[in-house]
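Those protein sequences? They're chains A and B, same order as listed.
In this text, residue positions in the first sequence follow our numbering: the first is 11, and each later residue adds one.
In this text, residue positions in the second sequence follow our numbering: the first is 10, and each later residue adds one.
In short, the hints are calculated from the structure, not lab data.
Quick caveat: nothing in here was measured; it's all calculated off a predicted structure.
From the three backbone atoms N, C-alpha and C, an ideal C-beta is built for every residue, glycine too.
One or more hints might be untrue.
What the hints assert, rightly or not - Stretches of chain A that chain B covers, calculated by requiring three or more beta carbons in the stretch to come under 8 Å of a beta carbon on chain B:
no.: 1; stretch: 114-121
no.: 2; stretch: 175-188
no.: 3; stretch: 257-270
no.: 4; stretch: 323-329
no.: 5; stretch: 372-381
no.: 6; stretch: 399-407
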Amino acid sequence: MIESIQEINNQLIVLFVAIPLLSFVATLFWKNKQENSISGIVQITKSIYIIWAVGYFILWGISGSPEIHLNLLTIYESNDFVFAIHFYYDRITAVFSLLGAVSFFLVTTFSRYYMHRDEGYKRFFNTILFFAFGYNLIIFSGNFETLFLGWEFIGLSSFLLIAFYRNRYLPVKNAFKVLSNYRLSDVALMLMMWMMHHLTHSNIDFTELSKVKIMVTQHKQETMAIFIVIMILVSSMIKSAQIPFTSWLPRAMEGPTTSSAIFYGSLSVHIGAFLLLRTYSFWEDMLWFKYTIVFIGLATAVISTHISRVQPTVKTQIAYSSAAQIGIIFIEIALGFHFIALIHIAGNAFLRTYQLLVSPSVLNYLIHNQYFHYHPTPVKKLTKLKATFFILGIKEWGLDQFFYRYLYTPFKWIGKQFDWVKKTKSILIIFILGIISVIYFLANDNIKSFDGALSISMLTIALSLVLFSFSYRGSALRAWGALMVSHIFILAGISNNEKEIKSVEVFLYISGILISFIIGSLALYRVKKIDKDILLNQYHGYVYEEKNTAFLFLLSSIGMIGFPLTGAFIGADVFFTYIKTNQPILIILLSTYLIFMEFASIRIFIRIFLGPHKKLSHPVAFRSS
Amino acid sequence: MDIYKENNSSALFNTDRILSELKHYLPSQQALKDFIHHNSLHAFQHMKFYDAIFKASNIFGYHVHLELNEYRELYTTGRIKKEILISILSKKDKNIDQWLGKMLHHHYDILKQPRIGQIRKLWKDVYKIDLDGLVHPRLFRILCVFLDQGVAIDRFPIQNKSFIESIKELEQKSLVSFFKTKSTRELFTNGSYSIESLLKEIVGDSQYFEQYLFDSHFAHNGWSGFVSSVEDNPQTLLDKKIITFKELVEFELLIELDTITAILGDSRKPLANFIKEKPTLLFEDVNKSEFSEVIELWQDAFEWSYYDTVLKGIQVFNKKRNELDKEDTLQTSFQAIFCIDERECSLRRHIEATDPNCETMGAPGFFGVEFYFQQHDSKFYDKLCPAPVTPKYLIKEFSTTTERKNELLYSRDSHGMMTGIAYSLVFGFWAFIKTINALFKPMMSPAISNAFGHMHKYAKLSIENKDPKDIENGLQIGYTHEEMTTRAEGFLKGMGLIKNFASIIYLVSHGSSSANNPHHGAHDCGACSGRPGAVNARVQAFILNHKNVRKILATKGILIPDNTCFIGSMHDTAADIIDYYDEDFLNDTSRIEHEKNKNKFEIALNLNAKERSRRFASIDTKQNLNEIRKSIQKRSVSLFEPRPELGHGTNTLAIIGRRKTTKGLFLDRRAFLNSYDYTTDLDGEILSNVMRPIGLVCGGINLEYYFSRVDNLRMGAGTKLPHNVMGLFGVANSSDGDLRPGLPWQMIEVHDPLRLLVIVEHQPEVVLKAIQSSPEVYEWYKNEWIHIVAMNPFDQKFYLFKDGMFEHYEPITKSEEIKSIHNMEEFFESSNEMETNHITHATKENLPVYLLN
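Taking the hints into account, I'd like the entire structure generated from these sequences.
Encoded structure:
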């Protein structure tokens, strides 16, 4: 009996991702004004989802709370690379699943009326459902590949909801800021998977992590392990807004209050803690690493609390105090108090969700309070220490500057040095050069003995092209073209580096990129026709008049960066494994390339399609809103 | 000095003049707790409406009318009528075919950029610096921290010092700085700068100073406007802050200087060096374009399509009434005096339908008594009268209970580090239960703004002055008998209520309860400075019941019978609840009457709820009345409901006259109804007083709705869904956004942007005299910010005010176009839910006029 329940449970785990995904697809077919149909689907989904989450939990409990696995499907397989979707359910998943189902239930119920007649009613629920799909992929994932898919989906849905009011400047700016942070987290995760792959020579499941841990000590591969855990930590720190990555969290509160509540109050922001819990068995014996987590958690708790105390706006105050609690959750995880950590996560999630949902009431409540309890602050001497800390708090300890100073500005500067590429002729020449090298490298095995020098130059060219595109202020089409050409050089570099590259991988990669490029170019051409101006030196806000084109271009711009949408995703993932652990320059080049590829591609999207619409025949928001 | 010679007049830079000019044009919204409606373009009110709005648009980039294609769609759907359009064209001697072509089909290219920002944009063009992006977040943050009223847990550490002085002290003591460059920090701390010297550094040429400052401050007019308002009305912040607009200007320039020095170093040159072409002066005259003429015609046609029907409806109705006219011989059952607020228009209609023998009247909702009110135990006073009035009286509340509930989850401890752990571990799940409750069982809670919470129902009020020396903070506590009488007399005479008193007369004030709504003040009574009017109703009822007052009134010819009793009460316009105060005034016989009347009010409230539910998608209008009533109440305490009520949305009319003239008309909650009886005031002396607040209060509301409707992004607050409460005084988007004055989208969505049409029942000469009694009043009409029509009771004709005089106006709508409503409930049920919130859908259900059968 119990065995059969377990068997069923194993299979049915798929429903957790299937429910939101199907519902997401179902909501795509309605018009914005068909609110009842859209919310009908969402209401059904949320009910099934919560019943299913609770029911599954109970069944699981009855059957003795075993660890449940399901190897759903293998998407791609070669000699030593497997890309498979695996699911897994244990105590941690159980908590996150219940938390997710309940939060989703509360927030969608709330939003049903709250979002009524909003211009983006449909868009809102689409994105929330897509988010639920991504969230469940993460928490039910059985291996890193599955988790990574969810990681990317969550990033994209976050971006879309922060930039929900897409014809205003600040949401777009801040969405890009958050996306940039998330991208770092994605790439850290990719690097982690890359190292893990080289460490184990296979694609491992989470259940095998403790085995890998033993293997590391046996084979004395501590350096690789150190690299892996650091990448895990970086990527969780970013997602959970830990120091020094905290400042994106208050800036993410741009969408409707309800979406801020579910993303940054409850679910999304605790995902970093989830990753740490999930990988705990891998690093549980690394004392130094635990100290590091404790240190970071403590620093976040102290500094975020301090910043929160001087925040004069309601949502930013909640954001910082939530980040502080997650810091403490990190400490609890590191110290192994996982039960407390899980309760803490749930409690913090519910508390912040509630506080965000009712945040507009604060005005009335506190003013009313003030009427009866006001007392002027006693005049005290201002000490040096107090003044310093006060200013530090208001400046958010300089955290917001951090990103710009160390990432944007230097690379933008480098990009500007390649401004000469901007002539269409030079792009074409580089393109032809790229094609020739690809063909040559693919056909010839002989010259592959340059110790990677050729690969390094190919990747350097690719990176330069991307940086050029990232800082270019001229025509969007040229920046877009440069991105395409850069892919050729990646291909050239990789095919030079790896003898065993398979034609199917090259095909997957090229086909995905090419489709994205063509669709994207057509979209840009269409927009160019309107006013003959698609320069990247300003925001154009074309989504106002070209909704569908904007959507198409969004798809192609994420296709261009190898988002799990086209075959390029698999291609790019395999390519990563073709770089050896003893090729630090190549891996640095490739990961920097991947980071800026996304910045550049999304930048084109937001500059052309988002932001204040440039035509004034209708009301257009001020830039300061 | 050469420069000065060349540009003599514009080069003379006078800081004070420019600052006061700037202040004049900035939005003047105070803290949200004091929501006072006003004309968003008050700075242009000295000009004719159309000239003003197009000028404002040219200068500041505001969108001041509907979009051209929206007018065209309204025309296609029939809401703008062809015959009206043609009549307007022919009145203006335009070639009809040619202009119809232009209006309906011509494509106008309107990509023009506003004049504001021309100089400031050079930062981007020349230096590739996004100065706004670099300066604004820092500036807003510092301002918000300084002005914060109690969001932050650590309060601003310096008291009793002005903005600049406070920041200076912080800078002097601190080891870190707000400034990026040492030189600017030193400049700031040793104070050796002036606006002029800073501008010289940044801009260079003094002839551009003024324009540059306008550019800077209209890049964030929310914050600048708020600082300027706080300077002028410091009492708008309970926790007093000393700040002047000048300080803001100085500080912003310092931050700008700091930013550009940090980026460009000393090699930078002043901005004016790069001005190749002289920019258009901001306030230079605007040429009338064909486009603006087309818009004018459309707007006129839109307005008159509505006005004309209403006038025709009133005409048809009064003709019928005159035919049947027989003196009312029936005894009036009771009288109820409501606020003139257009939301009470429907309740009055329903109460009259429930009891045809009752009489309703309208008067501005402060009911003629102006004072400050102090809640029991409160440390602050609330002004309860129209905003421009400064009362000399204080009325204090003495409550029987002092208990005030707190909301645990709003506690500051939840933001502490260690207390936060306890909160999230323990109360996290409590929060979960609270959320569930809020979703499925919305109830009144301390976090919800409760209209009835403003004054305790059984509290005592210090209405009667015991001793003229009883003075607190310069305010006399309560009124003396003479002062009471003056107010009673003015109040009664204004409405023409000087005889035929019923045995019970209700004074129905109003307020509004709503949850999760920073703009709740905008739903309360505009005549009480955006607060519930319950205290005013109680005070005036007390005065009118006072024996001595009645004695003195009798000497003035106003005889209130002994058995007449005034009862104060309040209508919650969101929840549709009425509560009554001081019912002890009633004697035994009238108490029985009162119980009956209460039932009638309940029936009327049910019907009113039904009528309102017509516009709410969440309520099925076909349900039974009690269900609807419950849903309406639930709405007012639902955290997830961004539209607890629709506020003043759809307001367009103000009718000043006897209720008789409109009592059988359905005006769809769009008319401010002020009772006034010309027969008691043939020479129009009272009328001047009655007309005084109409422009300011009704016109202010109307124009704020107009402008927030036509440009919700620049003159309104945008959708309220992402709003973030800043320092308890305003809302903004995001953490670094500009403050958003004006009304949020959810409030103006159903509003038709039409100017107010005032209809006064009197002879045109008398009305003219009344509106000309003061220049401030006359300006509204003279410059066409409000339309006014005299309904002459002697010849039964309408006279329209135009270019300084009244001219006969004959509605062109045909009598048969005025439809009748036979069954009110069926009529409400037949309304359609709006398809989208596009103007053609959202305002489809805004009805003009129906006869009631």
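Now the hints, each set against the structure:
1. 114-121: Since 4 is at least three, the answer is holds.
2. 175-188: Coverage by chain B holds here, the residue count being 6 at a Cβ distance below 8 Å.
3. 257-270: With 9 residues closer than 8 Å to chain B, the stretch 257-270 of chain A meets the three-residue bar; holds.
4. 323-329: Our answer is that it holds, as 6 residues pass the Cβ test (under 8 Å) against chain B, meeting three.
5. 372-381: holds (count 10)
6. 399-407: Our answer is that it holds, as 6 residues pass the Cβ test (under 8 Å) against chain B, meeting three.
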